[in-house]
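The residues making up each chain are set out below.
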Amino acid sequence: MKITFDWLKDHLKTNLKEKNLLEQLTNVGLEVEGVQNLSLGKELFKVAKIIKTIKHPNADRLKVCDVDVGEKEFKKVVCGAANAVEGLITVYAPPGSIIPKTKTKLVVAKIRGVTSYGMLCSEFELNLSDESDGIIELSSGYKKIIGKNYYSKSKSNLIDLSITPNRPDCLGIRGIARDLAASGFGKLIDFKKKKIKSNNRQPLKVKITKEKNQGCSMFGSCLITDVKNTESPQWLKDKLISIGQKPISAIVDITNYVMFDLNRPLHAYDADKIEKGIIVRNSKSGEKFTALDNKDYKLEDGMCVISDHKGVLGLGGIIGGTRSGTELDTKNILLESAYFKPGSIRTTAKKLNLDTDAKFRFERGVDPLSIEDGLNKAAILIKEICGGKISKIDIQKIETHKTKIVKFDINSVEKIAGFKISTKEIFKILENLGFKFKKKKNFFELIVPSWRPDITQEIDIVEELVRISGYDRIRIIDPIKERKKSTLNKSQKLFHFLQRSIASKGYIEAITWSFTDSNYNNYFRNTKKEIKIVNPISTELDVLRNSIFSNLIIYMNKNLDRGFKDLSIYEIGPTFSGSKPGEQNTVVCGLSSGKKYRLSWIEKERNVDVFDVKKDVVQTLIETGYKSEEFFIDNKTPDYYHPGKSGRLFLKKDEDLVAAYFGEIHPSIIKKIDMKTESLVGFEIFLDNLKLPAKTLNDQKNKFNVSDYQKSERDFAFIINKDVNAQDLINAIASVDQNLISNIRVFDVYEGDNIPRNQKSIAISVTIQSTEKTLNDNDLENINKLIIETVQNKTGAKIRS
Amino acid sequence: MSDLKKIKDELFLKLKSKLNLSEVNQMKSDLFGKNGLVSSQFKKIGTIAEAERKKFASELNVIKVELQDLINLKIKEIENEEIREKLQKEKIDITLPERPFVRGKIHPVSQTIDEISSIFSEIGFSVEEGPDVESEYNNFTALNTPENHPARDMHDTFYLDEKKERLLRTHTSPVQIRTMLKDKPPFKIIAPGRTYRSDSDQTHAPMFHQVEGLHIDKDINMGHLKGCLNYFIKEFFELDKIKMRFRPSHFPFTEPSAEVDIGYEMKDGKIIIGEGDQWLEILGCGMVHPNVLRNVKVDPIKFQGYAFGMGIDRLAMLKYGINDLRAFFDCDYRWLNHFGFDPLDVPTNYRGLSR
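Residue numbers (my numbering), protein chains in the order written: chain A, 90 to 890; chain B, 643 to 997.
Calculated directly from the structure, the hints in this document are not laboratory data. It is possible that part of the hints are untrue.
[Claimed, not checked] Some chain B residues judged to face chain A by a derived CB distance under 10 Å, without partners named:
id, residue
1, Ile705
2, Asn790
3, Lys806
4, Asp882
5, Gly911
6, Leu986
[Claimed, not checked] To give a feel for the contact side, a few chain A residues facing chain B, derived at Cβ under 8 Å:
id, residue
7, His145
8, Ile505
9, Arg564
10, Tyr596
Every residue, glycine too, gets a C-beta built ideally from N, C-alpha and C.
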């Protein structure tokens, strides 16, 4: 909502300055979004006329115009607008002026070899509208003031307010003035309302059909005959220009003026173009009309239309049609002032993707009792400016406005706000805002003003009072430092632990979108369902991610393109398995590329490999508190891992839920996405599949139990089939005697010479120690034997002699 | 006995020359071994006449100790010499680079979430979470934003079905609904998390982070709200004093509602929070609307309280001087390295937010 202090002063008597105004607007909740000095530099913008145009010698789309700016000589201006034709009256900006939209300062410049002295402006560039197609076209009335300033000399700044959707009354200057007055910023001027004096009935029949979902409940109108539509007088033009509106013709300008002044949208029809009478009804599917924005609209069932006996004239409360629009030669006008229901307006406008000033107001709620005031004010102005005779006002309604009554207990203010407002002050504020009240036994009955659709219950009254008396009166109550419940629950603690545990292993944390590119997602989707976003922001972010890998790989690739080689990144966050709330899992996903060590004077160069990520996963899980002796690992992994160089880890052998996957990313994916790296390995740890750790760290600590008896190391070399896993050997050894075998270490794996094909040799060092005694040679020999026997029985391995 | 004296003198001479360890050990065993010279003298003791025996034995012992000392001294000397030689040989260029290492980092948003949690933890808030995919009801309707309410326009929503029943939450406020439906009052929670709006430019990202706050009890009023936020902002920006302004605003789920601005000034192109005459909006808040309480079966006559929501990314930007919101999610290694935090820098109550 754009306003000026000058316009506000039509409704508000105040001696305060604009600086105070801006503060007070903010204080009452009418947020000042921006202040523009319209007069500053604007005196440079002149009304100008194009005298001659020739094609630019070096550019097909450009023209060189001779422009009359009221000086002796014409200005040469290069212009690219299609509508820059001889005779057009438009706005000229000379070198040195600053274009309001772009904030750029014009200079004399050569454009493709031709010097241009200034610029002809579009409405967009002047911040008048979004119309950027072509330069502004001024009406012929401006002929008389060529060379004069386009902007009036008003010193009042344009103030842009952000009006919250609950305050339609402040979409009119008067509503804003009322709030300010209530807060003590001046006094609201009480007008003696001028009323139409007429003996003539409004002869056009108006009917609101009674049907389901009728969007219009009241339709007021009056007929003004024998008008002479003309240019608006300067005061009216200035007013509209001062809030960034473009004057069009007196009748249109007057209806706009009343809308901005009172938040009362009106519509003027050329009465001669209305066939027989007005019918307000629901549209039928397939009906068409051309709206005043020169676009054709095809309607669906149930949209509120204003029609005559020939068809649709306009969409009620949203936009009029060209068939009945007023023009400069319009003689007789039907002026409409109606009430349209917010929901109906909103549904229709959304379906047709239409946004107008009227729609914006009706969908938020226009004062249903302002129908007559609007007609009176506009009709009398039209008569003043355009002459003519006004009929009586005709109002058709199918529903009457019900006055809202809200129960109000004065104590509720302090209860919510935490500070007291005196009873006297309370009623002064409410009165100034337009409330009326009746005292009951323990409470008051407040009659809510008709322009406040947002007020329905006591809390809304409290809000009014706190807002108007000022939020700075709310005192600070310092919080008590007391904790009754632990801040994080177990799984949140697990999240934080894993997050920092992975980072401590050299991974850099990334946060990427929860959505991803479906092409990439498909590589990592495995058996999961694709979850499409109905209205994605781009085709590259069109699905919810089934895995974090897709985004990590996309961004990893971007970083490789930046010239990095050895990268480790990870993300902890959601992956999605369905589109229902809760069908998501928390995953820590990491990715490493390139080499572990690149050529250096001290370390041997080598690629990152599956055992690097296996270490990161296993170490992290151990640090988290899980027992590595119980881990079970096999090679059944999703299809995006290298089938031979990847694993899945269970916290225990017979658990159903996978704790983690790790391994090389499938080479065919790396190829398809054209990733240039020596090696790419990754892992996923599934938080939701991890059993939450024991209650406290204390509970996690077993009794301290160590043996001081001598330990012995024994080395074994077994020959086994290639398809037997080292894990099986280790488990077999561990099963021999858990009290005696304290450590098992694989120190060599060998295939090749001296070993039969399809077999391999695994050398294992076993540490044997008793908690009860020093083992003698005999004991050790027995265990040795037992280990060999057990391994042979369980795995088929043979001891290598 | 004179034999021994002679031996001692010889040894003394010998030990003066350059010897290696094994030569000295040989000498040692020649003297003290089973049949060594000294050992054999000791064996003689029994054969010596009673009168001489005591003297002999004592002299022998003296010589033995002397010889041992001499030899041990020599051994020590040789060992020292060996170490000295070893050190001489082993001298390296210590300015050569150390073994390569990598440093992990925590994303500034994660760090900021931990900071926020730590601050609110101290005044008794606990952390709640909710799903990223929400029902239309939890995200809007239950929060007093019925269908066809213009306030819905302020949220450009991503939908997952044509009926618009499932969506990506546009704010963390649905966690209020879930929390209140799940438990009984009082409630004192914060809910940090991902939020989504189909909006993308320099200052908007389609995904961003919010933290929701909710405190419902019997007598929680706007003064508590102001106190809580005043405390939070001071703690978060690690300042003793802060300028804060409450400004009336409108959110469907709170009444009265406020937007909160903090004072700042620009110094050398950097935002300095806490001083200056400029205002910067940092969050929205208000008293939970009675309609919302009714929707979650909490009696608004008995219980009342406040809620707030703020942008985590924005807080991080302000605190750490980050200019571009989009960079948070662009995953540029250089940016992550620069703005990321060491994993050991865990914000906690006792050690504070910063080192």
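Quick rundown of the hints versus the structure:
Look at Ile705(B): its Cβ only gets to about 41 Å from chain A, farther than 10 Å, so that hint breaks. Proximity of Asn790(B) to chain A holds as hinted, the smallest CB-CB distance being about 5 Å (cut-off 10 Å). Because the smallest distance between the Cβ of Lys806(B) and any Cβ of chain A comes to about 8 Å, under 10 Å, the interface hint for this residue holds. The interface hint given for Asp882(B) is violated, since its Cβ lies 14 Å from the closest Cβ of chain A, which is over the 10 Å cut-off.
A cut of 10 Å between beta carbons decides the hint on Gly911(B): the least distance to chain A is about 19 Å, and the hint is violated. The restraint placing Leu986(B) at the interface with chain A holds, with a minimum CB-CB distance near 7 Å, inside the 10 Å limit. Checking His145(A) against chain B: minimum C-beta separation of about 34 Å lies over 8 Å; hint violated. Taken as an interface hint, Ile505(A) checks out: its beta carbon lies about 6 Å from the nearest beta carbon of chain B, inside 8 Å.
At a threshold of 8 Å, the smallest CB-CB gap from Arg564(A) to chain B is about 5 Å, leaving the interface hint in force. With its C-beta approaching chain B no nearer than about 5 Å, Tyr596(A) sits inside the 8 Å limit, and its interface hint holds.
This entry does not satisfy hints 1, 4, 5, 7, going by the numbered hints stated previously.
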